[in-house]
Amino acid sequence: MVVGLAAGFAPAAVADAYLDMIEAETEKIAGPLPTVVDGEAGAESEEDAGFQEFLAYLKEESLGSYTFFEKLTPAQRSEVFERHKQGASLEQIREIIMERFLKR
Amino acid sequence: MRNCVGMILGLACLMQPVWAEEVKVGEADSEFAVKLTEDTDYLHVVHQGKSVKVQRVQDPNYELRGYFAKTGRKCPPFCLQPMHADPAVTSVGEVEVLEFMENELRDGQGFLIDARTPSWFQKGTIPGSINMPFTVLSKGEDDPEMAAALEQFGAKRRGPVGAMTKTLEGWGLFEAEQKTAAWDFTEAKQLLLWCNGPACGQSPRAVRGLLEVGYPADKLFYYRGGMQIWQLFGLTTVIPDA
Numbered sequence: 063m064v065v066g067l068a069a070g071f072a073p074a075a076v077a078d079a080y081l082d083m084i085e086a087e088t089e090k091i092a093g094p095l096p097t098v099v100d101g102e103a104g105a106e107s108e109e110d111a112g113f114q115e116f117l118a119y120l121k122e123e124s125l126g127s128y129t130f131f132e133k134l135t136p137a138q139r140s141e142v143f144e145r146h147k148q149g150a151s152l153e154q155i156r157e158i159i160m161e162r163f164l165k166r
Numbered sequence: 078m079r080n081c082v083g084m085i086l087g088l089a090c091l092m093q094p095v096w097a098e099e100v101k102v103g104e105a106d107s108e109f110a111v112k113l114t115e116d117t118d119y120l121h122v123v124h125q126g127k128s129v130k131v132q133r134v135q136d137p138n139y140e141l142r143g144y145f146a147k148t149g150r151k152c153p154p155f156c157l158q159p160m161h162a163d164p165a166v167t168s169v170g171e172v173e174v175l176e177f178m179e180n181e182l183r184d185g186q187g188f189l190i191d192a193r194t195p196s197w198f199q200k201g202t203i204p205g206s207i208n209m210p211f212t213v214l215s216k217g218e219d220d221p222e223m224a225a226a227l228e229q230f231g232a233k234r235r236g237p238v239g240a241m242t243k244t245l246e247g248w249g250l251f252e253a254e255q256k257t258a259a260w261d262f263t264e265a266k267q268l269l270l271w272c273n274g275p276a277c278g279q280s281p282r283a284v285r286g287l288l289e290v291g292y293p294a295d296k297l298f299y300y301r302g303g304m305q306i307w308q309l310f311g312l313t314t315v316i317p318d319a
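One line per chain: the protein sequences are A and B, in this order.
The opening position of the first sequence corresponds to residue 63 in this note's numbering, with each subsequent residue numbered one higher.
The opening position of the second sequence corresponds to residue 78 in this note's numbering, with each subsequent residue numbered one higher.
Derived by calculation from the structure, the hints in this document are not laboratory data.
Warning: the hint list may mix true and false statements.
Now the in silico label distances, taken between C-beta atoms and shown as ranges [said to hold, decoys possible]: (1) A:89 with B:137: 51 to 57 Å; (2) B:136 with A:118: 48 to 54 Å; (3) A:130 with B:288: 37 to 43 Å; (4) A:150 with B:244: 55 to 61 Å; (5) B:250 with A:123: 51 to 57 Å; (6) B:125 with A:122: 32 to 38 Å; (7) A:150 with B:294: 35 to 41 Å; (8) B:109 with A:83: 35 to 41 Å; (9) A:77 with B:173: 27 to 33 Å; (10) B:244 with A:125: 44 to 50 Å.
Derived pair list, reagent style DSBU-like, types lysine-lysine, alpha-carbon separation capped at 30 Å [as the list claims (entries may be wrong)]: (11) A:147 with B:127; (12) B:130 with A:133; (13) B:216 with A:90.
This structure is a prediction, so every number in the text was calculated from the model and none was measured.
Quick reminder that beta carbons are idealized off the backbone N, C-alpha and C, glycines included.
Pulled out of the complex, with its shape left as it was, chain B reads as follows (with noise of 0.2 Å):
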């Protein structure tokens, strides 16, 4: 209205159309302030059985306290960590988290994997996760409580396989990059991984520990804000059952 002189401008100037540099907070029809995404209030997600609302806290002046809060730990050993657990495996921030939610974990295609030991899942995990400690996965391929993870995760041992399919999946046919001797990930659902942040080498060493025993890299994904990020941006927790 700066530039209105006079009934006739004023008029003029109110029928101009809304300017795009003016910031709508919030919607008229949401009671959320802080929404998830631009279009999303909140989601549910089944952590155990039971359906969690994940949402973000609504007080726009509520600041992260508590441990989560600090802003280093003695490195080594909780150093920062690269961008990507691994050049092949993706990274991926918050939104792409609750896509995952939304739909590879809802449909049963996925698993999003708290890598962290038992003892941090305890004090509370985002909804959704299955604790899975990198110790675990960072066994050998023939080790039995790797070769459990990977079969909870889809993944099917291969028997005695003979000269004629090892020559055809040689020359990369039989979706054989998605095969070892051991092991055929073509059913294996996409994994998820976190630990607690970008100082956290638990989920990275998962990561690594997976590639290792062939798991495909185009399969595994690095959420490398973790617990801290999560809970930076206010993002709901669980304290799982016992």
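Excised from the complex, chain A in its bound form (with noise of 0.2 Å):
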């Protein structure tokens, strides 16, 4: 009975203790990862300068697009307003949009 109940509790205590040492090694980690974003930085906004203009310029270039882009999720947006800031064409954007209006 006393085998019996040490192999039953062993591979527990096993689990436990590689779990301990994983636990462990994360206080190695000094400060934030080399190339991680912060929140911020890394996220694209809505209230991003320059966000209204893109959609007047839009509602009024391709007010199909314009549209389809209103009912993106906000992520989706946020992207495509990117796309928009690295200089794509408005091919593109209606592209993009389209792209992930049927993907959604």
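Build the complex from these two chains, which are given one at a time in their own frames, with help from the hints.
Rendered as structure tokens:
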């Protein structure tokens, strides 16, 4: 019975020891990872300067695309806006909007 | 131009095509010196409801520093892992992870799983990942935490199965390979699991735990490079919201 109990508990003890060592290792990470982007810098926001101008531009140049753009998720809208800031043409913007809309 | 002698030959040389050995470094119309792939500068992925741009560090002289630059940790437990977490599960590299982000993840057909414990996840993760620790994914199919994870992944708990259905499934009908007595994985999403890198056993344990409860092997992918290789290539990471 003692052997049985020991055998029964052994895997759990090993697992706990493994977990303890893994957890202890996290203490060795000093500061943020070198390639980390913080939440604000990494996330595009509709509050970015120029977003309203982009909306007006899209509405005027391609009302249909604007309509679909409005149906995208906030993250998808931010992505499209980012592509616009990167210099994507209106044609490219329209393609991205439709692709994202169809794959929602 | 080294074979050109005289004006005539020089002109002839000017008309020669550009040889393939002339390597282009970056595209004239791209601000990205270090692209993700030959055709892609960067991509966007949704992480905790926000769009995050995934790219590589643009400094060609960038060298990895910090914890993930270490070449070794005590083994055991931090021992090098085989290329495959399981012979039936496909191992993938960075390009496949990026493709997964652009396709399965974006289309809602898959999850990128950070299989490390929460304390690791909080130190920084690959954008688009959700944290589902191996400690959960190693539990039995009846464990409430495992059951919740499986439901989150799109698996459905099965009710009582009739004798006829059992027989037909035993013959391999009704997508039997996607089902166990307790779970139906027909609609389950594709999962791409990763952890700290080639010397990390957390995601391999998660993969084996999922196989143990019947998750179909063809819906599982193992990114062995993990955080260490992701960092080595200067790819974007994010600090998750608490």
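Original post:
Which of the numbered hints are not met once you compare them with the structure shown?
Top reply: 1, 2 and 10
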